[in-house]
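Trainee: Single-letter residue listing:
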Amino acid sequence: MAQLTIRTRLILLAGAALLVLIATNFYLTRTLRENSAGMVKAAGLLKGIEQADSARIRFGEMRYWMTDLAVSQLTLSERNAATARARMEEHLSKLAPWNPERIAAVRGEVAQYEESAAKAVDDYTNDRRVIGNSLLAQARQHSIVADRLLDSIVTDLTGEALVAREQAVAEAAAAIRLSQIVVSAAVLVGALLTFLLLRAIVVPLRRLESAMAGLNTGNVDVAIPAAGPDEIGAVARTLARFRDTLVEQNRRERDLRAAHEELKATQASLIHAEKMASLGQLTAGIAHEIKNPLNFVNNFASLSVELLDELKETVRPVIAALGTDKRAAVDEVVDMLTANLEKIAEHGRRADGIVKSMLAHSRGASGERQRADLNALTEEALNLAYHGARAQDPNFNITLDREFDRTIAPIELVPQDISRVLLNLFGNGFYAADKRRREGTDAEFRPVLKVVTRDLGNEVEIRVRDNGTGIPTEFHDKLFQPFFTTKPTGEGTGLGLSISYDIVTQQHGGTITVDSRLGEFTEFTIRLPRSRQTATAGTRA
Amino acid sequence: MACLRTVFLALLIAGPAASAAVGAAPPADEDAVIAQSLAEMLRDARTVISNNQELINNPELGDKHLSGQVVLDQAVKSYAKATGSDPTKIDPNSRKGRLLRAMMAAIVAATNENRATINEKGTGFKGFIPSVFGRLVSEDFNQMAKGEAEVKVTAPPELVRNRKARPDAWEADIIKTKLLGAGWPKGQSYSAVVETNGRPAFRVAVPEYYAESCLVCHGSPKGETDITGYPKEGGKMSDLGAVISITLYH
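Protein chains in written order, with this note's numbering: chain D, 1 to 541; chain E, 1 to 250.
With the rest of the complex left out, here is chain D (with noise of 0.2 Å):
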């Protein structure tokens, strides 16, 4: 039946109901075919009581008559004696046919009956009362054995009659018993059948109907029912086609987010470059302006504290000669001198550091790419951050966490240039967690930098990730930006996470991508190409 198509099983239903009718009709008409000719039978037997009965109430009318002749002489009475003897003969050929030797003995006892009877009655006619009487009594023995025929004939056509009628009343019964028993199964099985294919049609209707709904809200997963060969399945087949089209235009739609994001992400990466590039420019041109007269202030504060120191010698005498008050102010003067011509010195190289950082930004590649280890040139920059960090502050500490793999082939790069990105990130790190440490809002709190290289295949990874005090997410998206720096005056120029973001995906064709949260971490992932790419965009995580 599943394997019937919609339209055919209720074809095959329909057909079968009726089937059933007009089986059940033939059988009724067949039924009631045979009946009515039992009721016919029956019907004609009735006749034959009735058509002997007037025989038999024709022939009473005749005697009475013949007699009533006989007494009366009239011709009325022999007109009516002939009349019901006519009539009587009519009935007897209309019941010949059941039983042609019984109603010819009839016939002929009648005729026996008549031919007496006339003769009496000419008898007493002829006033031979005694003769009359005499025929009269031979007549009356053939109207006796008429009447009994008559009455035989009766009694059997009626005794016919009601076993016709039983049988026609019995069959009629046995048909109808049969019809209500063909009935009640033809309901039960059309209502089974009913049931089965309403079933058949429901039940998967309403497993596409959920699958549509699935469908309907996004979900592609959902289960369609399995394809049969009805139109049903032919529905479930469209709708599983349907959701193979939906899940490519999903695809599609992904594809195209992906792509499109990716652009964006391009765009901002080429705005970002660009700026840069144009940042560069500048701070390399006002840098390089800078640098001569800031080499002048160096060198003419080196130079006046030399001259200073020269003056000191030269005067030392006539300072020694002067009275002790006079001494001690030329003396703190001459230090006051000095101390300022040292702060100059040490300004001036400090701004000469950045000078020379902003050209360093400007200048670009520094250097050529050649093969090298990422996990020992990893390790040797945090040994070198490391060191650095606690010559600076002898309290700093902080725990190193190193998870590399070691599987990682030698890629090509600047090893000076990935170094410097990475001191930068080390630096950073340090910072924060330090920073963090000495806020002292967790006295459990111990600072933490794990490191993390990975083999990617095509490219090679570089997590660097801190416990420290994290970037407020509004300043994710100007961490590259030069010149950005969260850190207090004199302790950042704002030029490190820009250089090393242009190192990375300007030289090396890699990503750079940073997730933080504040308060808990800050990682930044570096994603280097083992092929050398065009610059991509750094992005944040």
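Fair warning: there could be bad hints in the mix.
[What the hints assert, rightly or not] Result set (BS3-like, lysine-lysine): computed pairs, CA atoms no more than 30 Å apart in a straight line:
#  : chain 1 : residue 1 : chain 2 : residue 2
1  : E       : 186       : E       : 77
2  : E       : 176       : D       : 119
3  : D       : 264       : D       : 478
4  : D       : 119       : E       : 81
5  : D       : 435       : D       : 478
6  : D       : 119       : E       : 236
7  : E       : 81        : E       : 236
8  : E       : 96        : E       : 178
9  : D       : 450       : D       : 435
10 : D       : 119       : E       : 164
No lab work stands behind these hints, which were simulated from the structure alone.
For this one, chain D is given, so just place chain E on it according to the hints.
Mentor: Leaving out everything else, chain E in the frame of chain D:
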């Protein structure tokens, strides 16, 4: 049959009508005269009975003083008036006289045989009507004539009430072919010499037509029961209602 009294009674003998001539037979004229006389006598006596029906059927009166003689006397008077001759004066030895006297004796006998009925007190209709009387007279006459002659009052078969009055084959044929024939003159009798019962005989059929008084029992509406209990025949005035059949054996 008094109802036919007003009917033209002249017996016209239709032709010599000797369908079977017999040697030494009396002249046809004599036969015709005798037959006419017998018919006239019978008709007159029947008229007397008809005229006395009210008396006969009077339930309050016992003896009606209507004896056979009384009836005969009145009939004789009528006969004499109709024929111009006294029947009692006809030679009793003549054939005519002998048969006429037999007729008169039959009239007396038929009446007297029913005097008890006639005089029965408390009974209205007694059934002693002209037709019954005519049949009784005929029957008595036939016995008294001793085979010399026979008289019968018959009628067309459909009008015969008593089977004794049924026409025989000759009578039925004459009624059908002659008296009821389209061109048969009203009132004309038919006579013929025919062999009857193995003997030559002069037979006369005298037609009688319904009069007003006849239609009381034989008129309309047809099928309605008359006073005798018999259905009326639906007859109309001047219809052939009866035939007096007279057979004179040679």
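Trainee: The structure should be examined with respect to each hint, and the outcome stated for every one.
Mentor: Each hint, compared with the structure:
1. E:186 to E:77: Roughly 26 Å between the alpha carbons, so the hint for residue 186 of chain E and residue 77 of chain E holds.
2. E:176 to D:119: OK: residue 176 of chain E and residue 119 of chain D at ~27 Å, within 30 Å.
3. D:264 to D:478: Cα-Cα ~17 Å, so holds.
4. D:119 to E:81: With a Cα-Cα distance of about 45 Å, the restraint between residue 119 of chain D and residue 81 of chain E is violated, given a limit of 30 Å.
5. D:435 to D:478: holds (21 Å)
6. D:119 to E:236: Violated, at roughly 35 Å.
7. E:81 to E:236: holds (28 Å)
8. E:96 to E:178: holds (27 Å)
9. D:450 to D:435: holds (17 Å)
10. D:119 to E:164: Since the Cα atoms of residue 119 of chain D and residue 164 of chain E sit roughly 14 Å apart, the hinted pair holds (cutoff 30 Å).
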